[in-house]
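Participant: Can you make the complete structure from the sequences, with help from the hints?
Below are the chains, spelled out letter by letter.
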Amino acid sequence: MPEYKKPETKQEFDTNFQQIKPLMNETEAYYESSRCLFCYDAPCVKACPTGIDIPLFIKQINTGNPLGSAKTIYDSNYFGFACGKVCPTEVLCEGSCVYNLQNVKPIEIGRLQSYATASAIGKDKIYFQPTENNGKKVAVIGAGPAGISCACELRMYGYEVDIFEGKENPSGLTIYGIAPYKITNEEVLSEIDYLQKQFGFRISYNSRIESKEDFKKIEKSFNAIFIGIGLGITGRLKIQGEELQNCIGAVEFISELRMNHHKTHVGKHVIVLGGGNTAMDAASESARMGAEKVLLAYRRSKEEMKAYGFEYELAKNAGVESIFNVSPVEIIGKNITEGVKFARTKIVNGVFEIIPDSEFVLKCDMVIKATGQTKHKEVLLNIDHLEFDKKGNLAVNPSTFQTSNPHYFSAGDIISGGQEVVNAVADAKKAAKGIHKFLSGQSV
Amino acid sequence: MPDLSVNFAGIKSPNPFWLASAPPTNSGYQVMKAFEAGWGGAVWKTLGVPIVNVSSRYGSVNYRDSRMIGFNNIELITDRPLKDNLKEIEEVKKYFPEHAVITSLMVESRKEWHQIVKDAENAGADGHELNFGCPHGMCERGMGSAVGQEPEVLKIIVGWVKEVATKPVIVKLTPNISDITEPAIAAKQGGADAISLINTIQSIVGVDLDNFVPYPVVDGNSTNGGYCGPAVKPIALNMVKNCAQHPEVSLPVSGIGGIENWRDAVEYILLGAATVQVCTAVMHYGFGIIREIIPGFESYMTSKGFKSVSDMTGRALPNVTNWENLNLDYKIIAEINKDKCIGCQLCYIACEDGAHQAIGVGQNGTRVPFIIEENCVGCNLCSLVCPVENCITMVRKDDGKKIESWKDRTKSGRIPTTFNDPLAGGIHHKVPEPQKALKSK
Ligand SMILES: Cc1cc2nc3c(=O)[nH]c(=O)nc-3n(C[C@H](O)[C@H](O)[C@H](O)COP(=O)(O)OP(=O)(O)OC[C@H]3O[C@@H](n4cnc5c(N)ncnc54)[C@H](O)[C@@H]3O)c2cc1C
Ligand SMILES: Cc1cc2nc3c(=O)[nH]c(=O)nc-3n(C[C@H](O)[C@H](O)[C@H](O)COP(=O)(O)O)c2cc1C
Ligand code: SF4
Ligand code: SF4
Ligand code: SF4
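Residue numbers (this note's numbering), protein chains in the order written: chain F, 21 to 464; chain V, 293 to 733.
Relax, there's no trap hidden among the hints.
Distance windows between CB atoms, simulated: (1) K322(F) / S595(V): 47 to 55 Å; (2) Y328(F) / F504(V): 47 to 55 Å; (3) D34(F) / H576(V): 33 to 41 Å.
Since the hints were made in silico from the structure, they are not lab data. Computed from a predicted model, the values in this text were never measured in an experiment. Positions of the beta carbon are idealized from the N, C-alpha and C atoms, including for glycine.
Facilitator: Here you go:
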């Protein structure tokens, strides 16, 4: 029995994709903030990549000062609202809350954070006044968390900032990739809007920068360039049948889901390939879209899955089933996907092996490949002198985030190979400091 | 089963748990409901010439997620005609002859006192409580705490009442005075049979930050009120103890102030109360709290082998002494249970910034702090701020053989007497150099 009925309307979609971290009301925020111990040298702060003064912002909520609280949050993290909703808090701040050691529920830091920032966004509270233009210009490529965070910070130093975004919405994967039950499109856009009003950076949409000429042009008009283009489309598995209809990449599927909601096509029997968080999301989402059967198929063992435990639980709770130690060898079907041929796998002396003659077919009418995103190599190779790390990610100086081409800086998924929004936000802020140091000679 | 029944200065009651004179005892309906719920007695809402009240009337102190840890009111005595109250008292007594109904009284002239005492007794009151406590409104008219603050006046009025009263007379004391035993002694000298304390403490619970008016707000203005509820219990306990210990008072005490559960009631009784009275907790949760108080109280009595409430009364009094008699050679220091510690480091910062720099952090790569024994003065602060039960305990370090108090040391000439006396208690404490506080230097 599927857990969810196929949603036919936006309303039914919203019910199936109910927010797992809904906004707190005033009473809940008051009670929850009351529990915070105001730890000294608090471990939750250390666990936050942006180092928000968590005990302080929680105390400010508790003393009836949500706007002061939001200021504390935004001072450290320009995506304060979004992060409260989408951060994997279980492995970050909330996972480090001292209450865990007492087997008491940790403070709901994420939800408190969204509560405070929502009140600031709702009131259009202005905290930041960009410095007068210093005469220099920086181009930011990509309006994801990295690009926007970098732009905000640069505006505080007085740079004119132009963001070039390939798509028609800002915020990158926050709106195109993250599961709809974590944050709504409206919520994402209202925070970006709020930031743009305060910081006054410009965004040009539908403006991909990818050719040698594009980069040359930009190099001419800007003093420095920040690359925040994240990761690319789902990579190819290089197996037969991959081009069949209804065999789709996870990020492409999710992107469509975020834009088209209930109108997105989802099969009755869906097989999701992969064992990372994206696979968990795609599986959960398929189930919530009313698929009768959703099967997660991972090449290695359950223990080796890269996904967080709580994301796997979330998928299971949505009715997702799983199969381990199987590797897809072919997508079966005539024009349209009809199944996946798998081979069983094992680990011999730490080495991953296919077991000979172990092939079998599982039927399905849709395959979602959550097997990793490409790294925009074709674009990056059009920039001179870039270097890459061992994993093929764009290499940067770890403190200034400068690439091997001194005019280019970068942060976010493109340098990390894929982390969280909060990491992109944190690193991009440091990159802005790196750019400022490069252009002004001043450290901040 | 322990016996809960009490005989308080001649007033009999099935248990020592009474309702204080206040809104919960405003009517026969409420008092009957309370008796049915299990309360043993009720001090009727103060009778006198009826007044007119304002609205709003209450303010409260909330602490974090706890509502009404302190409560404040600007209400006066009853606003109902005397005859209605008397009729209802009569009816309550008809249904509950074994329960204690005490009439709280507040009037001005000797004639009025005589009249109201007689009326109350005719209605069936088991005793009287003279309200010399109300710290707002009534005192401006020379009643309530205006009387309670003038021991001589108090004594005279008690005398007037005793001229006609045939039932026991309790004097309710105001805490708005520097030495509570003075009016208590005056009550005794005036002939009172018992005292009850405390009434409310003059207070302002908070200020409306937008309109610049304290709470409660009455059409843009406010006035001081009377404070009660859990927050006042420590003040009331001390006053009860002072009265119970004073040889010239030697009257039964009814303890009042912040009682909400069986533990609170036990504390009052151990410090010398023979009955207790409750107001705020009932105003907050209703009469039903009695069903937690009675069984908790009973099982405590059983566990300690107390057969009756009088067995318990004043049991802690011998252990309350003057500071000069405390043993200066008793030494305890803090000990942290590493397994229980959750690493909040509240103890560290409390001791570091607020006490004696006797806790360190950053050892063995864990967040568990450690005690710097030679600096620990055994003040308790860390164990009080620690959020984990029994994680920081205070461990005795002296061998218990030497007992010497300030008094003893004074006798033997071993107390510091000059500004730089080498006998100064803190002379051995290692206080860090002041500059160490500066991070930047
Ligand atoms: C399925 C999925 C679920 C996720 N769930 C979470 C989650 O729950 N919580 C969380 O914290 N993180 C989550 N993440 C990770 C998170 O979304 C990313 O770490 C974060 O968005 C990275 O930010 P970024 O700015 O580096 O890149 P992106 O968000 O990818 O933004 C890059 C931007 O650059 C634009 N762009 C790309 N190429 C060009 C070009 N050539 N020219 C112009 N513009 C270009 C893109 O359109 C995009 O807007 C998830 C990721 C995925 C894939
Ligand atoms: C609203 C209100 C009205 C009160 N009215 C009286 C009163 O009429 N007569 C009186 O003796 N005490 C009165 N009191 C004081 C209470 O009887 C009691 O002494 C005090 O509240 C402390 O007890 P508590 O902490 O349990 O509330 C009143 C208290 C409150 C809150
Ligand atoms: S660790 Fe938990 S309790 Fe301590 S400050 Fe952080 S949120 Fe509050
Ligand atoms: S008992 Fe007092 S002095 Fe000793 S460690 Fe605790 S806080 Fe510091
Ligand atoms: S206050 Fe208690 S729990 Fe917190 S660090 Fe100190 S000993 Fe550990």
